[in-house]
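K.L.:
Residue numbers (the working numbering), protein chains in the order written: chain A, 1 to 321; chain B, 1001 to 1569; chain C, 2001 to 2460; chain D, 3001 to 3195.
Hint data in this document are derived by calculation from the structure and do not stem from the laboratory.
This structure is a prediction, so every number in the text was calculated from the model and none was measured.
Certain hints may be false.
Claimed, not checked - Below, computed lysine-lysine pairings styled on PhoX-like, alpha-carbon distance capped at 20 Å:
#: 1; chain 1: D; residue 1: Lys3117; chain 2: A; residue 2: Lys291
#: 2; chain 1: C; residue 1: Lys2296; chain 2: C; residue 2: Lys2431
#: 3; chain 1: B; residue 1: Lys1103; chain 2: C; residue 2: Lys2195
#: 4; chain 1: A; residue 1: Lys291; chain 2: A; residue 2: Lys321
#: 5; chain 1: A; residue 1: Lys291; chain 2: C; residue 2: Lys2372
#: 6; chain 1: C; residue 1: Lys2428; chain 2: C; residue 2: Lys2296
#: 7; chain 1: A; residue 1: Lys321; chain 2: B; residue 2: Lys1375
#: 8; chain 1: C; residue 1: Lys2296; chain 2: B; residue 2: Lys1118
#: 9; chain 1: C; residue 1: Lys2064; chain 2: D; residue 2: Lys3195
#: 10; chain 1: B; residue 1: Lys1375; chain 2: B; residue 2: Lys1417
#: 11; chain 1: D; residue 1: Lys3026; chain 2: C; residue 2: Lys2429
#: 12; chain 1: A; residue 1: Lys27; chain 2: C; residue 2: Lys2372
#: 13; chain 1: C; residue 1: Lys2423; chain 2: B; residue 2: Lys1126
#: 14; chain 1: A; residue 1: Lys291; chain 2: D; residue 2: Lys3194
#: 15; chain 1: B; residue 1: Lys1408; chain 2: A; residue 2: Lys321
#: 16; chain 1: B; residue 1: Lys1533; chain 2: B; residue 2: Lys1513
#: 17; chain 1: D; residue 1: Lys3189; chain 2: C; residue 2: Lys2085
#: 18; chain 1: B; residue 1: Lys1369; chain 2: A; residue 2: Lys314
#: 19; chain 1: C; residue 1: Lys2296; chain 2: C; residue 2: Lys2429
#: 20; chain 1: C; residue 1: Lys2429; chain 2: B; residue 2: Lys1126
#: 21; chain 1: B; residue 1: Lys1128; chain 2: C; residue 2: Lys2317
#: 22; chain 1: B; residue 1: Lys1126; chain 2: C; residue 2: Lys2428
#: 23; chain 1: C; residue 1: Lys2064; chain 2: D; residue 2: Lys3194
#: 24; chain 1: A; residue 1: Lys271; chain 2: A; residue 2: Lys299
#: 25; chain 1: D; residue 1: Lys3117; chain 2: D; residue 2: Lys3104
So you can see what is in the structure, the chains are spelled out below.
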Amino acid sequence: MKNRIWIYLLVLLLTFLLIILFNRLAKPDFENPAQNPYDLSLDSLAQIPPELYLPLDYSYIDLPLPQAKALATDSAGNLLVAGQQSILVLTCEGKELLRFNTPQTATALAVDHQQRIYCALENHLALYSMQGDLLKTFPELHPGAYITSIAYSPGRIYLAEAVKGDVYEFTGDGEFVKSYGKGRDKTAPDFLNIPSLYFDLAIGPDNSLWVTNTGKHKLVNFHADGSLRSYWGVTSAAPEGFCGCCNPTHIVLMEDGSFITAEKGIVRIKKYNYGGGFIGVLAGPERFGPKAVGLDLAKGPEEQIYVLEAENNKIHCFRLK
Amino acid sequence: MKNSPAIKKLAGYLALLSLTFILIVGLLMILNHLQIKTHNPIESKAIEQLIIQLEKEDNQQLREEIRALDLLARKAYFSSLWQLKTGAWLLIGFGLLFVVSLKVYNGQTEVPEVQPGKVLHFWALKSKERHWIALGAGIVLVVALVVSFSTRAYYTDFNSYAAGEKKALSAAEGEASTALLPDNFPDIEEILAEHPSFRGAFGLGHSRHSELPVEWDAGSGKNILWKTAVPLPGLNSPIVWGERVFLAGADENSRKVFCYNSENGELLWEREVNNIPGSPAEAPEVTDDTGYSASGMTTDGQGVYAIFANGDLVCFTVEGEQVWGLNLGQPDNHYGHSSSLQLYRDKLIVQLDDNQARRLLAILARSGKSLWEIKREGDISWSSPIIVPKGESAEIIVNNSPYVAAYKVDNGEELWKVNCLSGEIGPSPAYGNGMVFAVNEYAKLVAIKEGEILWENYNFLSDVSSPVAYGDYLFCTTSYGDLACLSQQDGSLLWHHEFDNGFYGSPVVAEDKLYCTDRAGGTIVVEVGPEFKLLSHSPLGERSDATPAFAQGKIFIRGYEHLFCISKQ
Amino acid sequence: MSLATKAMRTEVNHQKTDFEPNISTSSPGKPFVWTTFTGLLRVVLLLIVLLSYQSSFAEARFPKPEFESGHVPPETQTVAPRAAKWEYVDVAVLFVLLCVMSWFVLGKRSRKGIVWTAVASVLYFGVYRLGCVCSVGSIQNISMSLSQADYIIPLSVIAFFVLPLLFTLFFGRTFCAGVCFMGAIQELVHIKTVKLPLWLTKPLSFLPYIYLGLAVLLAATGADFIICRYDPFIGFFRMSADFGMVIFGVIIVVLSMFIGRPYCRFLCPYGVLLGWMSTLSFRHTTISPSSCVQCKLCEDSCPVNAIAKPLPVKTEKPNQGRRRLIFMLLLLPVLVISAAWLGRSISGTLSGIHPTVSLAQEIKWENDQGRKTNSEESQAFHSSGIPAEQLFQDAGEIQRQFRLGSSLTGAFLGLVLALALLKTAVLKKQKNYEPDKANCVSCGRCYRYCPVGKANSVSL
Amino acid sequence: MSDQHSNKLKSGNTGNKKIGRREFFKTGLRAAALISLGSATGYLLSKSTLDDPVWQIDPEKCVQCGRCATHCVLPVSAVKCMHVYKMCGYCDLCGGYFRPQVKKLDTGAENQLCPTKALKRTFVEPPYYRYDIDEELCNGCGKCVEGCGSFGNGSLQLQINHNICTNCNKCAIARVCPAGAIIRIPASKGYLLKK
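Just need the whole structure built from these sequences, with the hints factored in.
P.N.:
If you want it as structure tokens, here you go:
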């Protein structure tokens, strides 16, 4: 039976091949994962040269409030966080002092010199005492309004409203004074172009108003009369510039007039001097979680810089040396 | 139904023709497919390269070039799509033609003539069937068995793994482990009375112990209390607390911590350092000058801490129970990580310099949690931090190229920083009389007070061993065999002696004597004073690059293979 | 891309806006469901949800530029999926084709009718529906639906699974004859039969059982749909497939030119179920229109080797047959248990096919190695924020399912083997040439060979 | 399987009476087959839906791995980028249109992200630009989606175009999707665009 021998040999070969095949299928190769041919490779852009990092002290506190929206500090150095229809007051070590409810989740917070809390409830403003009592509700700006930032300077309250991209100025009593940001020339730096709900403003040490013009990657400074005083900001993916659609998302001004900025896309916290000159990086993407977007900033009384990373339930604290 | 011969012939030619077309079109499509698969035009690397170039030098010509190339690529992509689609239609069309014409050619099978053949009887057929069924089942069985057993290695049973993981996690959480160690820490005086880290308490190079032997000989056994083989190599120096001597050793595959009884050299325990979360699977590349365990350990009398060249940092109790372990990231270090650990109260100070970053970390000794971390400027170094207690707090002195800097131990705040060194820094700083001394070969020796340089000297510069300051004197040893004594006041050379063997281990002062172990293993004992006075030169009988450690009446020296305990007998 | 296609496309877009799904009104296609109480309740709930959604909508609103030029931003164009009524058309076509085919097979005994029905099936289910409504593949949906509580199964898939089985139980495998488009392709391209030797057909006929077992196991655990993934014909209709699958499809088609129905006989998992049903069938096609005269003319006519012939039985030694039978009966539990054990032992390897388990393996590898693989899976997992322990637990649960399922599959295969062996030990006395009901696909090729009643059929 | 039982019965016995028993056995099996088929159908019907499921991408989960472009069974993927204009900021510097390193904001090929140039940019008025997708050119690679999501409002989203999708029993992309973003949804819902 010569025929049969061939059959058995064939069968043996087949068995052998099958075993090899199955073994190859069963062995995972984790060393060489499939590459995405259409990768945008943001990682290389997000690389920040180490020499650009500023020396600093770093710590963070875990935030006992998920889905936080806004962060502010009071003059005593406590932290105020809004989220889930409540406002939480923490010490800078993260100890909970007070928690009270608001009718909606506040979208922005600010504390005035009398330690009262201005709280933006989407389209209008409410004033709370530090104990959580509602003192006053302001009329709504317009029905669809969305307030993304509040800044307080003695006698004045400034609101950033992102839907129309306007800045509103009120007196401390809530009387409307004027609005900024819409000139005739759309290409002018002070014509605010706000493509998304990231729109921040801050008061400088000289009590002048700084506003982010995120669509144009500029920071704009206004005179008290509402006219343009100065501006700076370059569009670039490099560490010195702002890139993407809406950056910087948040700013805070330090006592010496320098700026701390927060960006999304390539998540970075950076420092610029009073004239907009790039100084260095406080934190790059490696410091934050992969989902971090739109980091709210606040400064403490000892020049600490607090960064709210709501996606990770953290408040980061940086102190430059 | 019969076809005429002419039709049959035609059908035959048609079948042949369509088969030829099928083969050609099929081949072309396979080629097209392979081309797209290997070089998809719209994922062109060439264009990417040009765009990267464009970032560097922006010019119109380059832009035009990219545009032309891009247009070409897209044309290629869309036309290959078109080709595949057309090819598929052609194939299906010709396939149909082939089948139909073959059918026509073949005509209809005739109803066969019945031929009386050999007819199997029922049981014979069944027996054959049985045979072949068994063979089929046999193949399946063999394949399944072999696959099942040969792939076992790649397979994890996550039912048991998940349970194990949970256990490890809760252990790492620290709730259980904090109980292993008390919350209190020894005070400064207690620490200064021991030899708890590389170069003694806080790395200052002093020992307060007395009744130390001055002369010994490993060959004759003179004054050698005991000698024991260390199972794993390591260039770290022994540390001592009470009656326990600790050592670490590592090779490519394993990392271990050893604890010996100082009285008799008995190995009290040895612990393998594994199961460290995040620990890299492969050992880093190191040179023989550092090895896998060059960094000195430290202890507070309760916990023992060790770090290895792969970034594993581990804490055991003095009884040998692992409290915590973590990996700080494998250092990218072209020689191998060698900075020793220091401890100040509850803070474990780790200098972790590599080619990526120069980090200084404070880690809570009890929990392993990071307290603070700073990035320092400058280049990588192989030196170790020293700690200078100041009142209730302390300063950490660290040197790397080109900076010598002091940091507050509480928060890592930089107190001062001096740009004075250069090169690849091996020697650690020394401290005495409010002055910090830092040195490197081919650079200089500097004395710094509160961030101000007092003086500089360019002779007898240490390269591996660290200087030590004691009284009014500063001692430097070099790998060429120089031993120099300088005045702390102005840096003037008081005396100098050249020995035959170079020094890698650092000199330590105890009982007003300077102990320097040379690379041959000999220990030179010199009196601390304005003039050179050699007291002894005692051989160890094996090479040594470690710094001696001291206990009351005992000296511990780690040779390449053994740990020696020397005591007056 | 020509301007014409462009223009056509724009037109299509305009048309399709009428079909835009509108959630606030109920779809007219299914009135009887919505009239039920639950239907009403659903509407109310939906309204409540919609209303509450409106108020919270403000969260996700985006600042809209106010265009001075009066530019009106276009709406996002989406084309609604194929409407549900077409699924009923599919089921109706299947039903009609089954009826027609059964009539051609049993009533008319017309090979021509069978062939043209097969052509119709290829045209509808293959060319028009691109092969993706298919009874063979429906096994997987059924097993997944039976094992996983939250798996929703479309009505049409149930119909595609049940109808052919029912028809087979009544009329034999008329579905296979050509209503199944895969069977139809193989039927239509078959030119000349090369008879396969017993040593090849016997071991190979074990494959469909393995394929069925694996397909059910993998579908029930949610790992993969292997029947669809390794469907050799579907690529022809889509005119695109994985390179390997194109090669596989071509091989099967070329083989089926000369070997009767290679896929149906040696791979098709649904054929196993149909074979069982056909064995029990109330009516089944016959080779001869009336009674067999044992002329042996049809002996080699069957391309799938499904004609059972009468064989002479030699008398054996006394007790030999009984002993053989008893041995086979004793072998049955041994085979079942050992195959179940084998199935269990290979379950770990098989579980690696499940994406959750393979992800867990990757994450474990990362944990062990202390570095990330940086694969897309790993990146997506780490950014999802799911704790690794959760993943490991899920993977463990799936592995438990695999252990059970794999043992059962093994036991099933052991049983199939044991019964096949048992069958060889049982005497089957047979006088006439008749189709082997389990394997006969009712293709009707043998009709022509039978001389009985030829005169009649001509006059018809 | 049942066949063999009946054969066994037959082999053990001969005669018409026995054949009657065999027929009885067979009828029993037929009844069992019918009942089990019926009950399985009944159970399945209770879980079934008239609203056929279709495959769709959940943009919240999508990670833009690029496999939509490479793993669809069709020659050009049924996954397309869709533009939710309501979410768009009409930016001049569009993260979905331009490469992140772009210097000049013009339509030069060197500035564009899309490998097939399926994203078109139209000037509306200062400072607004409108972006449209030429679906015929789009291969669903998701590069623009990643760019828009990272830097912009996320108005560009990958979705399965039901006009093209063959609605495979198991979507070949879903099998390899690293984020499990391809899910079955009722046909009446059709799309999962973020709004």
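K.L.:
With the threshold set at 20 Å, check whether the alpha-carbon distance from lysine 3189(D) to lysine 2085(C) stays at or below it.
P.N.:
With a Cα-Cα distance of about 16 Å, the restraint between lysine 3189(D) and lysine 2085(C) holds, given a limit of 20 Å.
K.L.:
If you draw a straight line from the CA of lysine 321(A) to the CA of lysine 1375(B), is it 20 Å or shorter?
P.N.:
holds, 12 Å
K.L.:
Verify the proposed pairing of lysine 291(A) with lysine 321(A), using a straight-line Cα cut of 20 Å.
P.N.:
With Cα atoms ~29 Å apart, lysine 291(A) and lysine 321(A) exceed 20 Å; violated.
K.L.:
Take the C-alpha atoms of lysine 291(A) and lysine 2372(C), compute the straight-line distance between them, and say whether it is at most 20 Å.
P.N.:
Cα-Cα ~18 Å, so holds.
K.L.:
Lysine 2296(C) and lysine 2429(C) were given as a pair; does the straight-line alpha-carbon distance stay at or below 20 Å?
P.N.:
holds, 17 Å
K.L.:
Does lysine 1375(B) pair with lysine 1417(B) here, judged by a C-alpha cut-off of 20 Å?
P.N.:
holds, 13 Å
K.L.:
For the pair supplied as a hint, lysine 27(A) and lysine 2372(C), confirm whether the alpha-carbon distance does not exceed 20 Å.
P.N.:
holds, 18 Å
K.L.:
Are lysine 2296(C) and lysine 1118(B) close enough, with their CA atoms no more than 20 Å apart?
P.N.:
holds, 14 Å
K.L.:
Holds or violated: lysine 291(A) and lysine 3194(D), Cα atoms, limit 20 Å.
P.N.:
With a Cα-Cα distance of about 17 Å, the restraint between lysine 291(A) and lysine 3194(D) holds, given a limit of 20 Å.
K.L.:
Going straight from one Cα to the other, do lysine 2429(C) and lysine 1126(B) come out at no more than 20 Å?
P.N.:
holds, 13 Å
K.L.:
Are the Cα positions of lysine 271(A) and lysine 299(A) separated by 20 Å at most?
P.N.:
Judged against 20 Å, a Cα distance of about 13 Å means the pair holds.
K.L.:
Hinted pair, alpha-carbon criterion (20 Å max): lysine 2423(C), lysine 1126(B). Please report holds or violated.
P.N.:
holds, 8 Å
Of the hints listed earlier, those the structure fails to meet are numbers 1 and 4, in rising order.
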